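A.B. asks: Here the numbering used here is used: the first residue of the sequence shown is 213, the next is one more, and so on.
Worth flagging that the hints you see were computed from the coordinates, not collected in a lab.
Please note: incorrect hints may appear among the correct ones.
[Stated by the list, open to error] Distance condition first, Cα-Cα at most 25 Å in a straight line; then the derived PhoX-like pairs of lysine-lysine: (1) Lys512 / Lys333; (2) Lys539 / Lys253; (3) Lys316 / Lys300; (4) Lys258 / Lys539; (5) Lys430 / Lys539; (6) Lys530 / Lys333.
Computed from a prediction, not measured in an experiment: that's the story for all the values here.
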Amino acid sequence: MLYNYNTPIYARVHSRKLGLLRWSLVALILVYILFWSMLYKGGYLKEEAPIGTVRFSVQHAGVRAGTKDTPCHDPFEPGCHLALHLPKELPYCVQNAAPRVHKKFPCRHLDATESTTVFEKSLLIATRITEYTQQRACPWGKNGGDKRCSGIWTSNAPTTFFVADVDDVNLVLDHAIDTPTLGVTAASRTSPQGSLVSTDDATCASTPGADRPWSPCKILPNTTSERSGLDVLRLSTLIRSATGIGLDTATTFASNHSLRYTGMVLVILIEYSNFVPFFGVVQNTTYNYRVSFIRGTGAKILEQEYLNSDHSRRILQKRHGVLLAVKFSGALRQFDWSVCLITLTTSLALLAVATTVVDALAMYMLKESREFDKVKYIDVKLGSEVSAGQTWKARKGEEAEDDEDAPLIRRNLSSLNA
Numbered sequence: 213m214l215y216n217y218n219t220p221i222y223a224r225v226h227s228r229k230l231g232l233l234r235w236s237l238v239a240l241i242l243v244y245i246l247f248w249s250m251l252y253k254g255g256y257l258k259e260e261a262p263i264g265t266v267r268f269s270v271q272h273a274g275v276r277a278g279t280k281d282t283p284c285h286d287p288f289e290p291g292c293h294l295a296l297h298l299p300k301e302l303p304y305c306v307q308n309a310a311p312r313v314h315k316k317f318p319c320r321h322l323d324a325t326e327s328t329t330v331f332e333k334s335l336l337i338a339t340r341i342t343e344y345t346q347q348r349a350c351p352w353g354k355n356g357g358d359k360r361c362s363g364i365w366t367s368n369a370p371t372t373f374f375v376a377d378v379d380d381v382n383l384v385l386d387h388a389i390d391t392p393t394l395g396v397t398a399a400s401r402t403s404p405q406g407s408l409v410s411t412d413d414a415t416c417a418s419t420p421g422a423d424r425p426w427s428p429c430k431i432l433p434n435t436t437s438e439r440s441g442l443d444v445l446r447l448s449t450l451i452r453s454a455t456g457i458g459l460d461t462a463t464t465f466a467s468n469h470s471l472r473y474t475g476m477v478l479v480i481l482i483e484y485s486n487f488v489p490f491f492g493v494v495q496n497t498t499y500n501y502r503v504s505f506i507r508g509t510g511a512k513i514l515e516q517e518y519l520n521s522d523h524s525r526r527i528l529q530k531r532h533g534v535l536l537a538v539k540f541s542g543a544l545r546q547f548d549w550s551v552c553l554i555t556l557t558t559s560l561a562l563l564a565v566a567t568t569v570v571d572a573l574a575m576y577m578l579k580e581s582r583e584f585d586k587v588k589y590i591d592v593k594l595g596s597e598v599s600a601g602q603t604w605k606a607r608k609g610e611e612a613e614d615d616e617d618a619p620l621i622r623r624n625l626s627s628l629n630a
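Make the full structure from the sequences, and use the hints.
C.D. replies: Below, the structure written as structure tokens:
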């Protein structure tokens, strides 16, 4: 017993339909492993999600004086002409006499610096501002402890206005990524220019630079200059590519108001990749932009400006607008033997599925399932009741009645009686 060696017994079943079925399943599984899992999905590569940093700036679209299409950056460059609308030309301004479904407010022009609040990986571009002029009611100084305060500030009547032409501002993006484990780095300045992927048919059809007039399409951004080559995307294009709508569309949570009034949240996904299906890892790392709209919420921040040195008067602003948050996604890849072997061995385990499916079909669905069961399983009872030889003889007697039902493999089990 100490030197016994156990091994499985295999039965070779001669059946054209079962054989063709098994090899067809094996072929499909091999195609899945080689072409889909390994070559198309890059299962032989180690991948790592990028971490990155981004720098924002917002600009009005300007043209240098004396030229037709030379872009410039207001307000840093003198002689930069902006194509601004009169408030009476904008349908959301109270200066416009045309009827509007949503409530109108007075409009003011603000430059990009005035209307934008920048955070680490997000920024808010104001579309509606409610302004309060406040006086400190709970004073500081020597006599501050002599008065019990029921409030800290008193306010004048607030003033609410829309920011005019905010739809036409341009967002400039400068970003870079790193993968600490793989050591792969990339940046928008050095990588081939990325595209904005839009899933809205109307945006694809109406936006210059789209590769096709239906979705999904890729929209090529403008660039700041040949020297820096930063991507420039218009705010209205970003909004439409994510929602198919504009700022004057009704909100889902504030009656009689539009997104221009409540604000909205957009998430800009920057997808980096250095892998091309069927070609593998490429030298140039590429990226694309995708924008998603988070429904059912607005965006608001508070800002204050003190009007005197003792901080007794201030202007408080409630700013609603478009909150743009940037997240990095995608994956950078590199060849790795361990990942390749793990993916390959895991995928090859699927080959057992072919045998399992054929066995189940032969045992439960075909008319010869009874005979296949006799070949696949041998009933052996040890002891004084029935010997293994008697079991086999009884089975042979059954087979003699009908030669067509005879099993294809016969086994001599008389040695089990020893």
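A.B. asks: Is Lys539 within 25 Å of Lys253, Cα to Cα?
C.D. replies: Holds, at about 23 Å.
A.B. asks: Quick one, are Lys512 and Lys333 close enough, alpha carbons at most 25 Å?
C.D. replies: Roughly 16 Å separates the two Cα atoms, so the pair holds.
A.B. asks: For the pair we were handed, Lys258 and Lys539, check the Cα-Cα distance against 25 Å.
C.D. replies: Since the Cα atoms of Lys258 and Lys539 sit roughly 22 Å apart, the hinted pair holds (cutoff 25 Å).
A.B. asks: Take the C-alpha atoms of Lys430 and Lys539, compute the straight-line distance between them, and say whether it is at most 25 Å.
C.D. replies: holds, 19 Å
A.B. asks: Are the Cα positions of Lys530 and Lys333 separated by 25 Å at most?
C.D. replies: holds, 21 Å
A.B. asks: Are the Cα positions of Lys316 and Lys300 separated by 25 Å at most?
C.D. replies: holds, 12 Å
In this structure, every one of the numbered hints holds.
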